[in-house]
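Top to bottom, those sequences are chains X and R. Quick note: UniProt numbering has the first sequence finishing at residue 280, numbered continuously throughout. Quick note: UniProt numbering has the second sequence finishing at residue 280, numbered continuously throughout.
If you are wondering where the hints come from, they were derived from the structure by calculation, not from laboratory data. Careful, some of the hints might be misleading.
Copies of the same chain look alike in the list, so a pair counts if it works inside one copy or between any two.
To be verified - Subject to a maximum C-alpha distance of 25 Å in a straight line, what follows is the list of computed DSS-like cross-link-like pairs (lysine-lysine):
1. 10 with 31
2. 27 with 16
3. 216 with 31
4. 136 with 31
5. 90 with 222
Residues per chain are reported as follows:
Number of protein chains: 2
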Amino acid sequence: MEKLILDGTKVAEGVKASLKERVEELKKKGKTPCLATILVGDDPSSETYVRMKGNACQKIGIDSKRIHLPEETTTEELLAVIDELNEDEKVDGILLQHPVPSHVDERAAFERIDIEKDVDGVTSFGYGQTALGFGKYPSCTPAAILRIIDDYEIPVKGKHAVVIGRSPILGKPVSALLLNRDATVTTCHSHTQNLPDIVKQADIVIAAVGRPEFVKGDWIKKGAVILDAGYNKGNIGDVDYDACYENASAITPVPGGVGPVTISMLLKHTVDAAEEKTFN
Amino acid sequence: MEKLILDGTKVAEGVKASLKERVEELKKKGKTPCLATILVGDDPSSETYVRMKGNACQKIGIDSKRIHLPEETTTEELLAVIDELNEDEKVDGILLQHPVPSHVDERAAFERIDIEKDVDGVTSFGYGQTALGFGKYPSCTPAAILRIIDDYEIPVKGKHAVVIGRSPILGKPVSALLLNRDATVTTCHSHTQNLPDIVKQADIVIAAVGRPEFVKGDWIKKGAVILDAGYNKGNIGDVDYDACYENASAITPVPGGVGPVTISMLLKHTVDAAEEKTFN
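Chain X with its partners taken away, still in its complex shape (with noise of 0.2 Å):
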């Protein structure tokens, strides 16, 4: 059988060079795009993933503005700066580090994120967008599985997709983006019983645990398409790549599969979010 390795980081490099001309076309009118990224606390893995998103914006021309609160920050005090990031009109999109410290009301912070900036996609308000078929920013990994399906040309109408995992940016948004591709979606968690055998009959397997190696070769059927978004210490994934390779049509790396092209649609969603504001 021929197998596919979709390859998430030519995908991502495809998506950064269609961003970087128009960013040049933006600059030209004299608009810069701009990400702001909140880090509240020193968790040394936040810093890293804030640094590299910072990294990624500058490599393709869009400003970042590095925003770092201490780790006793309160709530009320996060809720203001989100506050003047929404009223900042140089500001396209904000991007709140999470996990926040458990003192911090996460859900709060993220909701008070104003829908126009909310480029990663945590709003409730953005999720329900994009679940009724409108949003224009899903949270960035499902973003990014469905444009490494659409890159690769994976059909998904009518394939039965079972999505492993239901967390708020992750789980439920790509359970939500892919029925809305007219998928039959199931959508499996820590409280699904027989998950091998449900995962037996999916076309499209979605791994959106956060377990290393959890998904097992067996589970697979003959010619699926599997999509890790898992990202475990290590570099593993979530699924048991070599066994499941065997059995799988198509499936991503990790790395280099579903993490670099997640990076890329934040990068796109600031850039839509600029122009949006410079262009209507």
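Go by the hints and put chain R onto chain X.
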């Protein structure tokens, strides 16, 4: 096998009895809950629905403010009416009867309803909050289905629920509510392949297709619970009742199943909204 007929009329009576008491409490505090209904045009069945809802309000002491706009109402005119009702302190809930005439942008009208008054659960914002687990007013038919499940203590956690239909006010939100109750949820629709095989796996079947007797008896696993949200001409549900009854352990009849509870959920949300204003 023991059979349970899920008696929606009885469930609705229970809901309304408790609402009556809550309305009396509110009136003692000088507040009468008020539902505004908007009907655009002269569709006879829409007129009937709006009248039924108004009468149901009256019976438990809720004021209803009925607004009937002519067929030729423009989107802008309708939005202006909604804006007024959003501002009106006396109005606790707003129901826009759908469908509106085809020249009106129904989605724009729904979206204009203030989230605090969206007791019919039609806004994308309300949908997003419901799906992420903190919505106050899910749309009324999904809320009714969950209410029947609760009243009859039907287990949901870990069960496989198959929802047939994916409309914004029925299939999608009921899928979301069941997922949040820890069911494994499969959402099916017109592009689903092998629908009978998928339904056959369901512990809980939600029929929300809008086609008479669409769900056949041999699609039903022995012991499944069937909730029929269909309401087609001639009082016929989406489920072939007699045939499905054979295999089911519990089933809603049509009429007298989901329908009456739906209206009681609209009343409940209106009272909830009035209490929120009065006691908070």
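Quick rundown of the hints versus the structure:
no.: 1; hint: 10 with 31; result: neither (28 Å within a copy, 62 Å between copies)
no.: 2; hint: 27 with 16; result: within (16 Å within a copy, 61 Å between copies)
no.: 3; hint: 216 with 31; result: neither (48 Å within a copy, 59 Å between copies)
no.: 4; hint: 136 with 31; result: within (20 Å within a copy, 40 Å between copies)
no.: 5; hint: 90 with 222; result: neither (50 Å within a copy, 61 Å between copies)
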